[in-house]
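Asks: Chain A is already provided as a structure; the job is to place chain B with the ligands on it using the hints.
Taken in sequence, the protein lines are chains A and B. Mapping to the working numbering: the first sequence position 68 is 68, numbers consecutive. For any residue, its number in the working numbering is found by taking its place in the second sequence, counting from 1, and adding 505.
Simulated from the structure, these hints should not be mistaken for laboratory data. All C-beta atoms in this analysis are idealised placements derived from N, C-alpha and C, irrespective of residue type, glycine included. If a hint is listed, it holds; no wrong ones were tucked in.
Computed Cβ-Cβ distance ranges for the label pairs, DEER-style: (1) B:G874 / A:D134: 50 to 60 Å; (2) B:A724 / A:P95: 46 to 56 Å; (3) B:F707 / A:V146: 36 to 46 Å; (4) B:L719 / A:G17: 20 to 30 Å; (5) A:G17 / B:S698: 20 to 30 Å; (6) B:F883 / A:F15: 17 to 27 Å; (7) A:G113 / B:L878: 24 to 34 Å; (8) B:F707 / A:F250: 31 to 41 Å; (9) A:T352 / B:F707: 31 to 41 Å; (10) A:P95 / B:F629: 19 to 29 Å; (11) B:F707 / A:P95: 42 to 52 Å; (12) A:E108 / B:L878: 30 to 40 Å; (13) A:F15 / B:L688: 37 to 47 Å; (14) A:L97 / B:K712: 52 to 62 Å.
When the alpha-carbon atoms are kept at most 35 Å apart in a straight line, the in silico DSBU-like pairs for lysine-lysine are as follows: (15) B:K625 / A:K148; (16) B:K873 / A:K405; (17) A:K160 / A:K351; (18) B:K718 / A:K405; (19) B:K815 / B:K737; (20) A:K289 / B:K782.
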Amino acid sequence: MSDFILSMCGITKTFPGVKALDNVSLDVRQGEIHALVGENGAGKSTLMKVLSGIYPHGDYSGEITYQGNECRFREISDSEKAGIVIIHQELALIPYLSIAENIFLGNEQQRGGVIDWLLTYSKAQELLDMVGLDESPGARVTDIGVGKQQLVEIAKALSKKVQLLILDEPTATLNEQDSEKLLKLLLEFKKQGISSILISHKLNEVEQVADSITILRDGAAIETLDCRSGEINEEHIIRGMVGRDLTHRFPERDAHIGEVVLEIRDWTVNHPLHEGRKVVEDVNMTLRKGEVLGIAGLMGSGRTELAMSVFGRSYGVHAAGKVFINGEEADVSTVSKAIGHGVAYVTEDRKTYGLLLDQTIKENITLANLEEVASRHVIDQNQEVLCSSSFVDQFNIKCSGILQKALNLSGGNQQKVVLSKWLFADPDILILDEPTRGIDVGAKYEIYTIINQLVEEGKAVIVISSELPEILGLCDRIYVMSEGRITGELNAAEASQEEIMRHIL
Amino acid sequence: MSSIIEAFKNNIRQYSMLIALIAIMLFFQVLTGGILLKPLNITNLVLQNSYILIMAIGMLLVIVAGHIDLSVGSIVAFIGATSAVMMVNLHINVGVTIVACLLLGALIGAWQGFWVAYIKIPSFIVTLAGMLVFRGLTLVMLQGASVGPFPKAFQKISSGFIPDFFGGKDVHITTMVIAVCFLLAIVFVELRSRSKKMALGFAVSPKPVLIFKLLGISAAVLYLCSLLASYKGLPNVLVVLFSLTVLYAFITTQTVTGRRIFALGGNEQAAKLSGVKTRRLTLLTFANLGLLSALAGLVFAARLNVATPKAGTSFELDVIAACFIGGASASGGVGTVIGALIGALVMGVMNNGMSIMGIGIDWQQAIKGMVLLFAVFFDVYNKSKN
Ligand SMILES: Nc1ncnc2c1ncn2[C@@H]1O[C@H](COP(=O)(O)OP(=O)(O)OP(=O)(O)O)[C@@H](O)[C@H]1O
Ligand SMILES: [Mg+2]
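Excised from the complex, chain A in its bound form (with noise of 0.2 Å):
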């Protein structure tokens, strides 16, 4: 038995309604790197908060021993003690507060209540080192990207004498350098004798860095894989996930591509605030009828920024540029009238700008199209509950029902409410921005074939994504953006990573 530092036996939770973990079991070996795969609504992050004594104990049944104790942690902060640290899935970080501060929040480095800046700031130099951030300790956390943000989220971890560090997804708003670099850091850690268990959809990561992996299906542990045996391919963990095979990762289709739907001339966006740096500079783009466009970049290349600013100016200040809708020009000024002429931004940050979260499923799926259900302003609130059930059931959305929040879903079960929102109103145009991001294999696939569907009907669907397999194997066309420029535009049918990856540097 010694050789686990943790083993989570029989634990069982419950929420009104679900029944988020049945009778799971988990067993983590001194020094590895656990995987823990499963579909949206699996029950992994519930799995991780009990274990981190964010759903303290007796709000769950079971036992944990680590380290050869039992542990009952009532608070997370019991669970740090003891060398767990977890690292959300949101990041957790306070945005105005520099790395350094951030780093020490709630470990302050103190002398009688009085903080000591020097210690704070050596300190903070060295744990940053160790996870390679070229950053000044005193750098505002909202000045940096993503990546970075997650290295202080880990440099944090060090800094609390972490001996099993927990990761929920940390690669999914991340690009695939960053990724790299996170999961060589993992490796690292591995080798100084700090076990990690890693939460995540991208089974190619998993299959790169894990020496177990533990299956989780609707709230039950369905087996546990260990990798040394060599024996492990993505297919059977798929299986193991959903249950059965999924033979094709993207769905086939017929592209029946017609006229121009969407032409965008000469468009340049300026920062919000720093007036005169140009984040989206000169774009020319086409999007056809029955099209499904793909827009590939790294983060921060204006993607997003281009498409919020065609979305109503919701991004920046507009510059220079137009936009013609079936051949005329369109005044998409504002997100009404962007939505007037079938326009449709699915966000790529759900909670910041997708989700009411402390309103229903059935709020959230009809807000953008409430005319939809009601007539002459009243809502008719049983069309309304068709309509959003009729989401939930197409989409299988894991839910207690239309009338629990959008909070209490999982993180891909969230992802599905906006994309349904964004569905039900009915859009010719459809821009989506990262769709996938945090969502499993099998729930990808359906994405991917309402996609198609979408196309089919004669619609058209722009797609923004960081992974260059899911823009190759869905689109038809793709342009390439960097630094706010399309640095190249591809046929997909021809297009290979490596051709993409050249245009993006």
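Replies: This is chain B with the ligands only, laid out in the frame that chain A set:
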């Protein structure tokens, strides 16, 4: 059977604030030796609290939209003063004055809403400024003195009762007729919505629960109306208040605009990206509260029959407290009109009950403060269990 118990439990949770109100009323009914629910006192209770209730409706929308308005007390004073100057000093017609004052209130609200929505100054600051500005302007307008009395027609707003078309002697028959019509309407609406839901195959609450609910409502309405009818009947203010309640409950729960206000308060960014005109809507909620504050100002002035510079002092606190007691969330996006009204009544009944018992204003304040705290605690606790 268990499903019925379950449904009862859910309903009880939903009506917890109402139950608390009834408990408080019974408590004071006993402590005041039965005075609280005497016909005269019930009428008084309504008249005393009408202006708070009116403003609570408007404040609720502002709070749901994610803001706060501290200036309502000063607007009450300012509008009262304006109406006094117009009617008493300048002898302007009562009707014209009322319309002008309501418009002025809406304008003041829109002005504050403009700073909040378009210039992005936090509402706390804008309305704190408004609180000082309009209190100051009231003093200027009244030159520090009280102005009154008002014309008879104007006083009727607060002190009048609806006429009895049936000429009842001991009971006010029209009042009872209205009560019965109202109940029939409720039964009709409930049954129709139920049958529509059943036709669509939705789950509906079991029949016994529905019957219990309708009987409960009927008993309460008939009891209160018979109390009122045995005095002078329905006060005019109550009719106004009742219409506003129905109107705003409808707007908040059944209309597109209402839903959008909740979305705005729940997540402004997400609402904006969903096509909600967030700035215009914010301005609208403030303008609406301005309008209702002006109405409250008129009712209050008519009740006192004089406009004084001190009118409406600290009303904003009672109004805001009412919304929070009634379950509104301080961070926006959550709240109900009925809840806010119940909250206001909780405060009102306590004021009234404690006054009858002869408890000094000093202790009243302290007790009210504690009640606010515990009510919100109760609410938060209930939600965390849910
Ligand atoms: N606070 C809560 N109240 C009610 N239900 C909840 C709550 N938190 C989680 N759930 C439910 O528990 C289930 C498991 O959620 P969890 O977040 O653990 O999923 P997950 O495996 O992390 O999924 P994802 O990959 O989408 O992040 C879901 O069905 C979710 O709706
Ligand atoms: Mg999760």
